[in-house]
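These protein sequence lines are chains A and B, in that order. Residue numbering for the first sequence follows this note's numbering, beginning at 1 and increasing consecutively. Residue numbering for the second sequence follows this note's numbering, beginning at 1001 and increasing consecutively.
Bear in mind the hints are in silico, worked out from the structure with no lab data behind them. Check the hints yourself; a few may be wrong.
To be verified - Under 10 Å between C-beta atoms, here's a sample of chain B residues computed to sit facing chain A: (1) 1351; (2) 1368; (3) 1504; (4) 1508; (5) 1510.
What you are looking at is a predicted structure, and each value in this text was computed from that prediction instead of being measured. By construction, the Cβ of each residue, glycine as well, lies at the ideal position given by its N, Cα and C atoms.
What follows is the residue order along each chain.
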Amino acid sequence: MSAAGLSLAGRTRRRLLADPLARASLAVLGLIALACLAGPALTGHAAERIAYDYPRTPPSLAVYPRPETIVPALERLALRMRVRAEDVAVADGTVRLTLASDRPIDERVLTFFSRSDLFGPAAVAARSADGRRLAVTAPVRETRFLLGTDALGRDLLTRILVGGRVSLALGLLATAVALLIGVAYGALAGYLGGAADAAMMRLVDILYALPFIVFVILLVVVFGRSVVLVFVAVGAVEWLDMARIVRGEALSIRRRDYVRAAEALGVSTGAILRRHVVPNALGPVVAYAALLVPKVILLESFLSFLGLGVQEPMTSWGVLIAEGARSIETSPWMLVAPAAVLVATLAALNLVGDRLRAALEPGAA
Amino acid sequence: MALLSVRGLSVAYAGGTALDSLDLALHRGETLALVGESGSGKSQAALAVMGLLPEAARVSGSVRFDGTELIGLPRPALDRIRGARIGMVFQEPMSALDPLFPVGRQIALPLQAHRGLTRAQARARALDLLTLVGIRDAERRLSAYPHELSGGERQRVMIAMALACEPDLLIADEPTTALDVTVQAQILALLADLKARLGLALLFITHDLRLVRRMAERVAVLRAGRLVETGPTERIFARPQSPEARDLLAAEPRGRKAPVPAGAPVVMAARGLSVSYPGRGGLFTRAAPRRALQGIDLALRAGQTLGVVGESGSGKSSLGRALVRLEPAATGLVRFEDRDLTRLDRAGLRPLRRFFQPVFQDPYGSLSPRLSAGEIVAEGLRVHAPGLSARERDARAAEAFAQVRLDPETRHRQPHAFSGGQRQRIAIARAIILRPKVVVLDEPTSALDRTVQRDIVALLRDLQARHGLAYLFISHDLAVVRALADTVLVLRDGREVERGETAAVLARPREAYTRALVAAADLAPEGQS
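Make a model of the complete structure from these sequences and hints.
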């Protein structure tokens, strides 16, 4: 039974939190959001750092570099330093070796070590008198790529978490904007009805008729390219559907006796919309909003694909999935990992939406 | 042997028992009335016989039709019996007919399917059937769509469909509840006539015991899923044995309203009040406006009740809405005390609105479903007493609950948790919390059971006496009007037909239309009620 003296929002919150499925879904969403915010600092990789030595590494728990790859990697490094690597020994995460050359060795070549993804900065242990032999120690840089790397050797986990910031912010904010404008506009149009409704909905039709891409390109031309622009563009387009849905509901609600009763009490238009029209139109709104989030996230990837949205080295789930789809044959994890995170998010979101709709029902326990 | 024999029929849902071991027997050519209030299980019984109960229902017991056990009968065998040998007529003919097909086709299709008639034969039979159920101009009506028919005609079509395959048993579930009183009488006469001519057995389900007096040979009274009394109609009416049957018989609203004190001031008056809706024209054509109400004059004094009666479409509700200024299409003069309401705009009207309040017919549609009952009742205070804190508003709501005799503790529940009668009390509480002077009651008791109706009528009379309210009481139910109204105004097609003291009009109606209404209402004699 509903609790005593609670408002609609309070009742709905209570019911929602009493629902184990809703609680679990909210927890999943919270975890994903938290991971996106704090996670990139903890993975040990920078999202945009390119590891030339680890392109397309499959996901695993293993520590890189593998022991058997260290010697060949050192030899490649020596080749680029135009020296020979001799007496290579690996122990306790450190390599010891001697660099040999026919001419004296310039110590500045040692920077090649720190540029490599396998080793840390090298130190000179001993130098021969003629300068042609250099005993060097360098720490092995041990790393893990839990979800593998992309074609450029960037850590996929970090990129997914960083991309999630853009996608979640966009998905939730653009949806919230669409929700706010669409519900207010649609409810007002539907409730007023008649000429006001006709005029307001014609404006919606005109905006509908504007091709989305042309609209975005127009915005880019006027305001320049930025991520904020994607928010504006998506929000400006997506509220139209919402307005239509709410307006349809409001049209039928305004003829109900409880709205008539409120009018007879002299309740102002704003209060009627707030207390009677909007709460009773919320069912389909919640359902549509839950669908809108994934739509917006994928729309962003489309914009980014056209070069109008998020640009390298920044990324988003949509962009990652698009990249993954292109390399599905060589490195399927590039598609699977970001897609799985997106699916988990959307599943949780849809469940929350569904339970929220149930909690809003007047008959809910 | 009985045509239909029901033994120990029980229907249970997860939430509880809807029907508890019902025993009934119905012979060929006999009419059995199944009477009870909403929730008594009478419709459950009909649905169980037809095998139409929802999946969630658990059915036990036995239903034998002409020797065949229907409970647990596989679908194909059941389909050979229902529709063909048992016909059913539902309460709401509009939702039982398919809006996309002409009614002639809807009658003919099952005949083609079940009886193997050709299209032309089925059409001829449909025409016969429509003539049989008394549809005038049946030839033309064959190609009419359901929305082109009146409510009574639709119910006749439903009856024709139920009779199409010449059934032995007709189940009529509240077949007249959605219809006007005069139409109601015609449909009842039609059913009685068909029964006599076709030798049908009729299972007549209703909440209104008075309806069946002239219809049924036997009556079975249900309450809360149990059969409480059964017997010959004469005996039940003369000597009801169970308190339930006595209650149903005595359910007609009793008592009369005390007369208006002399010299009571006129609180609300209307002159030449008209309402017309713009016609539905095309883009460039404009149809003639439809006049819903024409030139009505009236004056309401404090403590007075003006009853407004008429059939649906007579303009009763338009009049009520025009008086409380909910009808933007209204023209003419409406005065409240010394203020001309027709000259005020929305903002000017707002402070006065607390003095005239409406109560609507459908208690399920008039309460905002997502607010708590207390919030609904207190809503007017937000507008008219903005200084009150939430706590004070809540206290006033509790007070209003007590006034309409609802438990104030229940005010935190949402409307769905209340019964129809309780909801109507909430709607009344919402109107009176502002201490209005005029209340427009638009069929406030029509959607309620008779016994609940009686209590609401008593409540309305009590509130009126205590607060000196003036009522405009709109109803098609003359029994309720008789118990509540000082004067009565009869409307037809938006015009005044007759007006006068309630007792005089009901006893000696001058106009034919009023006489038809009074005759159809079949009022209990003055002395008895």
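Regarding the hint that residue 1351(B) lies at the interface with chain A, is the smallest CB-CB distance below 10 Å? It holds, given that the least Cβ distance between residue 1351(B) and chain A is near 8 Å, below 10 Å.
Interface hint for residue 1510(B), Cβ within 10 Å of any Cβ on chain A: Because about 34 Å separates residue 1510(B) from the closest Cβ in chain A, which is outside the 10 Å limit, the hint is violated.
Take the shortest C-beta to C-beta distance between residue 1508(B) and chain A; is it under 10 Å? With Cβ-Cβ at 36 Å, over 10 Å, it is violated.
Status of the residue 1504(B) interface restraint (C-beta, 10 Å, chain A): Where the cut-off is 10 Å and the nearest Cβ of chain A is about 32 Å from residue 1504(B), the hint is violated.
Given residue 1368(B) as an interface hint, is its Cβ closer than 10 Å to any Cβ of chain A? Holds, about 4 Å.
When held up to the earlier numbered hints, the structure conflicts with 3, 4 and 5 and fits the remainder.
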